[in-house]
Amino acid sequence: MRYLPLTQPDREAMLTVIGAQDIDALFADVPESARLTAPIAGLPNHSPEMHVERALGVMAAKNLSAGTVPFFVGGGAYKHHVPATVDAIIQRGEFLTAYTPYQPEIAQGTLQVLFEFQSQVARLLGMDVANASMYDGSTAMTEAVFMARRVTRRSKALVSAGVHPHYVGVLKTLTRFTDDEIATSTPDLTPGKPGDDLDALIAAIDAQTSCVIVQNPNIFGHIADLAPLADACHKAGALLITVVTEVVSLGAIKSPGEMGADIVVGEGQSIGNGLNFGGPYLGLFACRDKHVRQMPGRLCGETVDADGKRGFVLTLSTREQHIRREKATSNICTNSGLCALAFSVHLTLLGEKGLRNLAGLNHARAVQLAERLGRIPGVELITTSFFNEFALKLPTEARSVIRKLAERQILGGISMGRLYPGIAALENGMIIAVTETATDEDFDAFEDALDEVLA
Amino acid sequence: MRYLPLTQPDREAMLTVIGAQDIDALFADVPESARLTAPIAGLPNHSPEMHVERALGVMAAKNLSAGTVPFFVGGGAYKHHVPATVDAIIQRGEFLTAYTPYQPEIAQGTLQVLFEFQSQVARLLGMDVANASMYDGSTAMTEAVFMARRVTRRSKALVSAGVHPHYVGVLKTLTRFTDDEIATSTPDLTPGKPGDDLDALIAAIDAQTSCVIVQNPNIFGHIADLAPLADACHKAGALLITVVTEVVSLGAIKSPGEMGADIVVGEGQSIGNGLNFGGPYLGLFACRDKHVRQMPGRLCGETVDADGKRGFVLTLSTREQHIRREKATSNICTNSGLCALAFSVHLTLLGEKGLRNLAGLNHARAVQLAERLGRIPGVELITTSFFNEFALKLPTEARSVIRKLAERQILGGISMGRLYPGIAALENGMIIAVTETATDEDFDAFEDALDEVLA
Amino acid sequence: LEEPLLFERGALDRCGVDLPEIPVVQDRLAGLGRADPIGLPGLSEPETVRHYTRLSRQNYGIDLGIFPLGSCTMKHNPRLNEKMARLPGFADIHPLQPQSTVQGALQLIDTLATWLKTLTGMPEVAMSPKAGAHGELCGMLAIRAALEARGDARSVVLVPESAHGTNPATAAFCGYAVENIPANARGRVDTEALKARLGPDVAAVMITNPNTCGLFEPDMIDICAAVHAAGAFVYCDGANFNAIVGRVRPGDLGIDAMHINLHKTFSTPHGGGGPGSGPVVFSDALAPFAPLPFVRKTKDGFELVEEMQARNSKDHDRSFGRMVAFHGQMGMFVRALAYMMSHGADGLRQVAEDAVLNANYILASLKDVYTAPFAASGPCMHEALFSDDFLAGTGLTTLDLAKAMIDEGFHPMTMYFPLVVHGAMLVEPTETESKASLDQLIGAMRSIAEKMLADPDAWRTSPHLAPRRRLDETGAARKPILNFKDLETAAA
Amino acid sequence: LEEPLLFERGALDRCGVDLPEIPVVQDRLAGLGRADPIGLPGLSEPETVRHYTRLSRQNYGIDLGIFPLGSCTMKHNPRLNEKMARLPGFADIHPLQPQSTVQGALQLIDTLATWLKTLTGMPEVAMSPKAGAHGELCGMLAIRAALEARGDARSVVLVPESAHGTNPATAAFCGYAVENIPANARGRVDTEALKARLGPDVAAVMITNPNTCGLFEPDMIDICAAVHAAGAFVYCDGANFNAIVGRVRPGDLGIDAMHINLHKTFSTPHGGGGPGSGPVVFSDALAPFAPLPFVRKTKDGFELVEEMQARNSKDHDRSFGRMVAFHGQMGMFVRALAYMMSHGADGLRQVAEDAVLNANYILASLKDVYTAPFAASGPCMHEALFSDDFLAGTGLTTLDLAKAMIDEGFHPMTMYFPLVVHGAMLVEPTETESKASLDQLIGAMRSIAEKMLADPDAWRTSPHLAPRRRLDETGAARKPILNFKDLETAAA
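First to last, the sequence lines map onto chains L, Y, A and S.
FYI, our numbering numbers position 117 of the first sequence as 147, with every residue one higher than the one before it.
FYI, our numbering numbers position 453 of the second sequence as 483, with every residue one higher than the one before it.
FYI, our numbering numbers position 40 of the third sequence as 41, with every residue one higher than the one before it.
FYI, our numbering numbers position 133 of the fourth sequence as 134, with every residue one higher than the one before it.
Simulated from the structure, these hints should not be mistaken for lab results.
Take every hint as true, because none was put in to throw you off.
Label pairs and their in silico Cβ distance ranges:
1. S:Thr462 to A:Arg447: 33 to 39 Å
2. A:Ala31 to L:Ala455: 21 to 27 Å
3. S:Ala31 to Y:Ala213: 25 to 31 Å
DSS-like cross-link-like pairs, simulated, lysine-lysine; straight-line CA separation at most 27 Å:
4. Y:Lys434 to S:Lys298
5. A:Lys298 to A:Lys118
6. S:Lys486 to Y:Lys320
7. A:Lys452 to Y:Lys339
8. A:Lys196 to L:Lys357
Virtual Cβ for every residue (Gly too), placed ideally from N, Cα, C.
Kindly generate the complete structure, drawing on both the sequences and the hints.
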């Protein structure tokens, strides 16, 4: 039992101090009928490290990992190259094995990182203030809807057809038992601006509207100017919530803040964090100064210590559930501190210059591939303005195409049939993401295979 | 240039402070004809991290790594399971990126580790005192021969036929231009005690003999009682040098110190360190108290600071070349500090109990496999007393057998033909090591394949 | 040396990465290119490493010493877990890859689910919740969905006053009114008061067991039966499952839902505040309402069921829906399973025993000096509760004591929680502390207490030896500075 | 908290590993089983992590701040290198596996060899030496082998007095008498004295360039020509190659052999004292004598040549033999190649330029306060040399100054080396320090010097803020305690 320091003599000496006859005496409050007298049946006993490694290694080897094949899957999670430095830093025991910084005097490391993270996120999103992270982009978006209700005291949310359908699903689940009204619609595959229903949204805003939610770039990779929508929201007293699932895009395109958003939420996985089969990821959340006291999640603030030295603390905790209990702004308790650290380290390595170059590279490579694939007979490029992700319309059902590509060891993207099950109009759609990790050989292999599969 | 912090404006500002017109002015002492005016031709320019990873990953993938196949190669380097904790600790920046502890006040971490390492090694080898490590086992053995000459003022070294032939090779190279006389012989494959020439060595000791060098377990895995040899050495005023290339054996068999050795050297790779294609490894070196001032290599000692607190420093440096220059005991300068740390961490995790269990497991598994393979028709088990390694005599040339096993993705051991090229009497010999990492399935696969290859 | 802010150190034109050249293409940014400076300072790689390494050294972590935060459970984080989570087959797979290419990942989730169900004695588990509080939400959503499915609109959730603050917040989030149930003098739920309050308006009782006083609720079976008899459900907050894992299966007590904090009981790292992971086990009554997606074993392998309407599934047939964008905290699943397999059934039982033994050892060793409000009622579970009553008259409080511990080299215990005890100090050593470590902590706590009683005035301003003295939290909240504002400096 | 010794913390029956059960067999230990206690204390895994984490925090490393040790070259250690060295294809292969199964490893060695040969302008390289001093030995063995091969027994090696201590030690090891050559007033070899000493008894000249005063030897071409004319060889100590890499190819100067410290010029980590790696480049004259084994490119791939007698090789046909058990420091090769590829030809040139620029910036910024014995003779290379002459009369020395720097948060420079300068202080910033970092160091060094001159008595007992005050090194050497002796404690 390599993790358990007590020896049998230790245990006996301690029982003596306690005055208990045996360990069972310490479990006296457990009803007799519920006491297990032996290790639980049906599970193996303890294993050497070597055996655990072997067993998990066998499971891991059954998966086709992104780095080993031509890879073009996006849809809210992106494969970018993360410098080795990032992982080395987050594995420092002082970061990895620290708790929430409840004792700020001995947690300045975590706290200064969070303050820097908040500052980086606010700038990246073009907003005044960001929190210290949330679970992921989808839950951050739901929290934004609740925040808009608190700010506006209205409860109708209009959701663009371009928002990631899983994000919409989460919002619907978490508002199922609240008074919120969620208005959504289904996108179509009309070439040009897929998922772009900004005009319809502007028309639908009314005096009950608490917020309008748009994603940019949207689920089909399409990018739009949100300024007119922001104006319409503000005229009607509603808030514009913008979702960003590929934050690297903000090195190339105007930030939601610059276009007038009131709340910006995002999935921060793209910077510093791996794919990890969907988690842990990093929810970003930012808003305007005037709304900060309605913001959910942890916040780190600057202050001074008894000697007047600058220091950092968790602050505005009067919003939180450990103080407010049932009146809290949210039931959220933990954040994604370690993922936020990884994000912050990677963004520090990039800096303004590196982020702009990285974004420029992603965009240029995506344009190259989009143009190549768009020339395949029967294939239509649906998204004409995009950052690093675009949709194609195939001459056949995309789910089976993706499957056939996978058989050829190519992870070619996402079928819309998987994201929008049961909607026939979308089933030939395919979403393709291109990052700096894709090589020319990957492009060749993908193009050849797609040609072959569609032939 | 991600590793270079200076910006172009920085460089210009600094040149101004220096009063140099340009960077070339700082290289004014270089003769005109030797000044390169452009980046060196024939080499690529700088590469993104992503590209370096890809290029090295391709090279790495061309190798058959031990953990992926049934693996039985030993001969001075052993595959043991190293707990993940070991690597996590040696990657702490404070250990990894420290220099030789020349300023002990801010290097107590390294120094205390070395003191603990020396203490662990001395106990493991059964000796009074160990140094802070050397390059590897082979160079440590050569240093031991020189030390014996300093102690005895004699220069004839008798080398057992059971010593690793590469170690003997290193000794011969490094004594080629000294006055040392090295007496060696070639082993044979007589079943029972291969490489055991203790009686002949005892007979050969004379008044010119500075030392006798034996390896235990020897290159064929054979283990012997060295006490009679130690007595004979001591009677003749010579030193017994014992080499251990598989230090895990010392959890199961008597230490060289217990059997009377005067100097013990070893290869410490087995504990805490990976195979690494042969390096970096960890030379162990221990001796009796009375000879400590003739010992080569760095030593760490306990002392006190100005407040009387216990602390550690490098000591007895009057033996070393930075003080003694041409009169130093050795030209050795660096040690294997990081490998020593890995060794020490792993041995701390094991402790006495764990080491004994690990050794017991290695032995039991080796006995199991030896008995299985020994039953294959035509195969003869040559080594009858061993720890975790033994020699077989095959009915055919072993080099080609090993090659055929490798084609079947089994790394089956070492052919004696590779270790002793050109010696026909040994070419059917094969040396097989078994550690805790080999599974029953590995045994089955090996036995079946050997059966097949020999059929 | 003080470490400046990144924004004071870096510059917009500094960079710690090298990238391939950007091919020249006609851009497709629709005129939406970002023109203005973003204001993100960069650093070269060596400067980055140094910045964060120096910052890290201003932190305390479990790797440095005991972290006795009660109800937070800071135990050893094995490095094996980190290594396993980084295997490319787990770390480098996309949540939307074809299922045929992630069979090992689905197998891992299924295996972990089996362990959780077996250890809790519950028939179903939802894996996707991202943290403990998210798990509570999952459980309460299932309860409300189940009640609605039977057309039974109920409006009240009962929560004991010793509950985690997240419990009432969660119940409110699901649209329920929250009513508190008082504790009895022994630090447990007042069972009679609870039973008395049950009725047709009560949807559920949320109860933490072992509770936040570190005590087992002895009437749990009885309570569950009464709640069920009243047509309501029992949600158990499983934050303290580490105290009983392998010794008690919560399912045997009669509960309907419970979340499990993988980062507490199963040692995934807290990382300065997260990420967590909060799978929820369910009873048969709630299983059909569990969220999407989930993993199902099929004859050929494993299937990830993402959408109900697309399939004719027999299980989860009335799922309340999706809680997160993808499938949960895979990285934490790998770590937790590595931990479970390492311990096994026998080791996990030992975990609970040692955790409880360590806590009782602290309680027994300090109760003559520290006020121990419930010590008379018998042993505690995994954490020992004290209060600062013994400091009455000195003007010193729990806070002063906690800050004094910092100067002795220890992380303090949890302060002022649970709320039921005034000046509470909740000490949770966990099973991964040695006796020597506990003796050190006990010695320091005794010595501080004795010195405080002897000379109170010397102890009002600790810590003195930490990277910072006491920080002005009031000032921070009054005029919040949440962002580095000085763009000029960064651009310089 | 002070961290006790492992032997004071652990116990023989504690263990931080779990192992499979041992099958029962008839042992084959020939009655040589180890019966007596070994005396090795163990710790559980959590205790082990904590012991070493705490110890690590008593260390200074380049990750924490500048490490300006002259002649030691402490530059940034990229984590990419660590990651690459841990790829199983490099880290988990055995040196005696069949060559067909390690073609990628041999390719890596061959690729690194090509880089080294190209950067130095030399036709051959021996990869196996394990460290710089081992490389010197390799070079001198080749020289002696070459001389013997032509039947030319020579007996003397000339070494400038500013040489690294390993140089004379190595020459002596190869059986040569060592004679010192003085330095001139400009800190360079006295070329005339050297030439005057050349003769038929001189086997070689060992020369460090850039030398240990941080200066380039301007007469190097001339010296090499003279040595060759006298029938001798030039060994160049390449420890300072980082100052000229990409700007000067040592082969163009006429040298015959030079070792390259991979851990200095190419950033492999020092790890508190090693491991190093010291490949040696050779001229055509010495190439046939290079050691075994070596890697050779064949038409099908790569071959590792281990034994001369077994093959009819055309190259290395008079190899002086084997220097190490296997093939060298593979782990360091991977790191060094990752570093080289990252920088490329253009980046490596920039490395030398920035290293030299940084050193000159320090020299220029401090020479008005610190005595800079050779500053008048022009720029330095990669390191700036000062002496403590400016402290004359204060009773303070280089040592006091170094220890004062510790209290300011810096690692001191190299003290009392090179020996040619009394009270020497050798400062090498390397190219991986930013200007801000240099300005901090310069500021601190100025301030200390000024305060020392103003009030000498306040500065005799530094450091005060380090984990330890000044340690009694004399006492340690007089009665050496090299081993924890108290077995009883450990067994308790």
